[in-house]
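One-letter residues, chain by chain:
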Amino acid sequence: GDSVTQMEGPVTLSEEAFLTINCTYTATGYPSLFWYVQYPGEGLQLLLKATKADDKGSNKGFEATYRKETTSFHLEKGSVQVSDSAVYFCALPPFSGGYNKLIFGAGTRLAVHP
Amino acid sequence: SAVISQKPSRDICQRGTSLTIQCQVDSQVTMMFWYRQQPGQSLTLIATANQGSEATYESGFVIDKFPISRPNLTFSTLTVSNMSPEDSSIYLCSGRNRVDEQYFGPGTRLTVT
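Top line first, the protein sequences correspond to chains L and B.
Those letters in the first sequence? Residues 1 to 114, by this note's numbering.
Those letters in the second sequence? Residues 115 to 227, by this note's numbering.
To be clear, the hints were calculated from the coordinates, so they are not data collected in a lab.
Among the hints, erroneous ones may be present.
To be verified - With beta-carbon atoms standing in for the labels, derived distance ranges: (1) L:G98 x B:K121: 23 to 33 Å; (2) B:T193 x L:P114: 38 to 48 Å; (3) B:T193 x L:D54: 42 to 52 Å; (4) L:G98 x B:S132: 28 to 38 Å; (5) L:T70 x B:S195: 37 to 47 Å; (6) B:P122 x L:P10: 37 to 47 Å; (7) B:S141 x L:T51: 15 to 25 Å; (8) L:F95 x B:V213: 16 to 26 Å; (9) B:G166 x L:Y30: 27 to 37 Å.
For glycine and all other residues, C-beta sits at the position ideal for the given N, C-alpha and C.
Please model the complete structure; the sequences and the hints are all you need to start from.
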């Protein structure tokens with residue numbers, strides 16, 4: 001069935017470092033892909049999305065490109081800040097759910113130090 | 115984006131009791147969902163809340179344990195019944211809008227003692 005695999009964390013970076021969080025997927029068809037962020041003690045926030053192959057989603061300095069050839073949707077940011085410390089989840093709507101619900105990766109914790 | 119509120123934000127309950135969580139969404143939402151997030155884990159879908167009819171449950175979740183109501187388009191409740199310490203989790207309400215974006219409430223942190 002459809003699935004999402006994320007790199008294990010935690011990822012620990014210094015402020016202003018470059019960030020990559022890997023996400024690969026298995027999907028029936030070509031669903032939209034999403035990144036969510038969860039700050040400590042809060043619910044999930046939609047960070048960005050891409051709806052078709054080669055689309056680039058972007059928000060708050062974060063970017064991710066929908067790569068059909070490599071079935072990937074890696075999250076990147078050129079210069080992280082302490083305030084980016086959170087857990088990041090990659091997600092997609094599986095075919096088995098009629099593309100309505102979401103399934104999530106395991107989450108990657110990011111810790112940014114000054 | 116859609117605005118989603120939940121209450122209570124947290125609760126501590128004794129085993130064997132039940133807790134009902136309320137979720138209110140704005141009118142942009144077409145579908146509503148309930149998820150569980152166990153400590154340090156990812157999200158697992160419990161069920162899709164269907165307006166005016168029985169919820170659609172995922173494998174491993176049953177109506178007797180997690181009864182769900184959705185009496186109208188913008189309101190839903192999830193009850194966690196006959197609780198045990200294993201039910202200690204964050205319960206998240208979610209709504210999907212017309213452009214297939216899914217938004218989440220702030221969550222209800224449940225601790226069962």
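Could one say that the CB atoms of T193 of chain B and P114 of chain L fall in the range 38 to 48 Å? Given about 44 Å between the Cβ atoms, the range holds.
Between T70 of chain L and S195 of chain B, is the Cβ distance one that fits in 37 to 47 Å? Given range 37 to 47 Å: holds, Cβ gap about 45 Å.
Does the hinted range 42 to 52 Å hold for T193 of chain B and D54 of chain L at CB? Between T193 of chain B and D54 of chain L, where Cβ atoms are some 44 Å apart, the hint holds.
Take a look at whether the Cβ-Cβ distance between P122 of chain B and P10 of chain L falls inside 37 to 47 Å. 30 Å, violated
Assuming the hint says 16 to 26 Å, is it satisfied by the Cβ distance from F95 of chain L to V213 of chain B or not? 19 Å, holds
Between the beta carbons of G166 of chain B and Y30 of chain L, is the distance compatible with 27 to 37 Å? 33 Å, holds
Honestly, do G98 of chain L and K121 of chain B meet the 23 to 33 Å range at C-beta? At roughly 30 Å between Cβ atoms, K121 of chain B and G98 of chain L fall inside 23 to 33 Å, so the hint holds.
Does 28 to 38 Å hold as the CB distance between G98 of chain L and S132 of chain B, or does it fail? At roughly 31 Å between Cβ atoms, S132 of chain B and G98 of chain L fall inside 28 to 38 Å, so the hint holds.
Does the beta carbon distance between S141 of chain B and T51 of chain L stay inside 15 to 25 Å, or does it fall outside? Cβ of S141 of chain B to Cβ of T51 of chain L: about 23 Å, so the range 15 to 25 Å holds.
When each numbered hint is compared with the structure, a violation occurs for hint 6 only.
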